[in-house]
Amino acid sequence: MLVVASITLITLSERGSLRGAIGSAKRLAHDAFAPVPRGVDRALRPVGSMLSGVVHYGALQQENVTLRRELQRLQGRALRQGEQLRVAKQLSDLQHVDALPGVSSIPTVTAQVVALNSSDFADTVDLSKGTAAGIDVGMPVVTGSGLVGRVVQAWASGCTVRLITDTSSAVSVDFGVGATTDTAVLSGKGHGDPLEVDFVPPGVPLHRGTILVTSGLQHGLFPAGLPVATVTKVSSSASATQQTIAAQPTADLASLQYVDILQWQPPPLPGGVS
Amino acid sequence: MKAVDIVRVSVVLVVGLVVQHTLLDVVTVGGAHPDLMLLLAAAGGYSAGPDRGAGFGFATGLLADLFLPTTFGLSALVFCMVGYVTAVVTAGLVRSSWWLPPVTFAAATAAGLSGYAILGAVLGQPGMIAADLVPALTVAVPAAAVLALPALRMVAWALPAPASGLAPGSGSTLGAGR
Chain A
1 MLVVASITLI
11 TLSERGSLRG
21 AIGSAKRLAH
31 DAFAPVPRGV
41 DRALRPVGSM
51 LSGVVHYGAL
61 QQENVTLRRE
71 LQRLQGRALR
81 QGEQLRVAKQ
91 LSDLQHVDAL
101 PGVSSIPTVT
111 AQVVALNSSD
121 FADTVDLSKG
131 TAAGIDVGMP
141 VVTGSGLVGR
151 VVQAWASGCT
161 VRLITDTSSA
171 VSVDFGVGAT
181 TDTAVLSGKG
191 HGDPLEVDFV
201 PPGVPLHRGT
211 ILVTSGLQHG
221 LFPAGLPVAT
231 VTKVSSSASA
241 TQQTIAAQPT
251 ADLASLQYVD
261 ILQWQPPPLP
271 GGVS
Chain B
275 MKAVDIVRVS
285 VVLVVGLVVQ
295 HTLLDVVTVG
305 GAHPDLMLLL
315 AAAGGYSAGP
325 DRGAGFGFAT
335 GLLADLFLPT
345 TFGLSALVFC
355 MVGYVTAVVT
365 AGLVRSSWWL
375 PPVTFAAATA
385 AGLSGYAILG
395 AVLGQPGMIA
405 ADLVPALTVA
415 VPAAAVLALP
425 ALRMVAWALP
435 APASGLAPGS
445 GSTLGAGR
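Protein sequence lines correspond, in order, to chains A and B.
If you count the first sequence from 1, position 33 lands on 33 in our numbering, and the numbers rise without skipping.
If you count the second sequence from 1, position 142 lands on 416 in our numbering, and the numbers rise without skipping.
It is possible that some hints are incorrect.
Unchecked claim - Now the in silico label distances, taken between C-beta atoms and shown as ranges:
(1) R15/A with M275/B: 30 to 36 Å
(2) Q112/A with L397/B: 46 to 52 Å
(3) A240/A with L397/B: 25 to 31 Å
(4) I392/B with R69/A: 54 to 60 Å
(5) V303/B with Y258/A: 20 to 26 Å
(6) M275/B with A21/A: 23 to 29 Å
(7) F199/A with A395/B: 19 to 25 Å
(8) A395/B with G176/A: 19 to 25 Å
(9) D198/A with P416/B: 33 to 39 Å
(10) P202/A with L367/B: 57 to 63 Å
Since the hints were derived computationally from the structure, they do not count as laboratory data.
For glycine and all other residues, C-beta sits at the position ideal for the given N, C-alpha and C.
Can you build the whole structure from these sequences, using the hints too?
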C-alpha cells in the first residue's frame, strides 16, 4: 500500500500533475521549519563547525598556510604599491554583477548562501532570500564572474538554487564571434567535476580558454550573454560524432557566499504551454 | 497507534530533521554528507518490525522529500522499503551483539542510497549513479555506522517493539522501548 502510494506520488510529481500541490506543501514545510534551525543553529553550529573542522583538518591546515603566505604577499605589496592596490580594488568592484553583459537592465536581489547541498544527489545551495523578496522558481542566479544556477524551490524566507554543476543541469551556450557563433549544451557532471560541453561537431573551432555564454535562445531558461564557463580541455577522435570538451565554471562555486538573483523569468511558450 | 506514539514519532522525526539540516549538512565531503533520515528509517525497521518499520520509513521519507529538490516521493519509496527490508532481514538474528546495529544500518544505508540512485537514473537522471552515488556511499555509510546506536535509541523510544514481539528487538540489549 505504501509502495503504491509512493509510486503514485513519484508518477504525479514527474508528470507535473501535482506540481502546484507539491510546491505549496514544500513552501509550507520550509516556512514552518525556517525558525527552528535558526534557534538550534546558534547552539549546534559550533559543534557542526568542529565536526567540519575535524573532517577537513588537512585541507584547512593547508589553506591556513596558503592564506598566511597570501597575507604576507599582500602586506608587502600594499606597502610598496598602495596606489596599484587601490586600482585593483576599483577593477574588482567593476566586476560586480552590473558589469555582466545583459544584466544591467534586470532587477537583482542580493542574497547570502546559508546552506550547502540538502541532498547527496543534488548539487544545490540554499539562499537567504525567498518569495517575500520577490524571488520565484526559475530565476537565474549569478555572481560578478558568471552564472551560478537557477532557483528550483522558493519559500517566504529562502530558496534553493540548483548549481550548473548538478548532474541534471543543462545550459544552452554560445561560443565564437559574429557570424561564426555556434551553440552547444553545457551539462553538469557533479560536485567539483568539470562541466561537459555537448553537441560540438568535429571541425568546429573551439579552443582552451574560450568563454561560453548563455545563448538566450527563444524561451530559453537564461537571458543571453551571461558568462558560464571557460573551456579547459578539447579533444576529438577521427570516428567521433562530436568533440570531447571540458569546461570550468567562471564563477567560483566552491566558495560562494553572496550571489545575485536576477528577477528574470523565461518568456512563456506560445499557447500557455509550460 | 496511540496518540502518545504519534507524538513520540513526530518528536523523533522533527529532531532528526533539525539535526540533519543544522549539524550534518555542514559535514560535507566531496559534496556528500551523512544521511540521518535514511538511518532513522532503517532503525525503525530494526526496532519495530516490518509493518510499522515500513510505515515509519514512509513517513520519514515523505518528510525528507519536503526539503529536497529531487523528485517528490522518491525518498518515501526508498525509505519505506529500507524500513521493511531491514526488519525482515534482521528478524531472525540474535541481537545481543553491540556491533549488529552499526553493521546493519551501514548496509541498509548503502542499499538505500543505491536504490535511490538507481530509481533516480530510471527517472532520467543517470548522473545520480555516475557522479553522485560513490561520494554519497563514501560519506553516508561510515556515518551510519557511527550514528547507529544513538539513532536506534531515539527510534526505539518512539517505536517500541511489539509486546508479543519475539522477532524484532527480542533479546536486544539496546532495547526497544527500555
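If you check each hint against the structure, which ones fail?
Checked against the structure, the hints that fail are numbers 2, 4 and 8, while the rest are satisfied.
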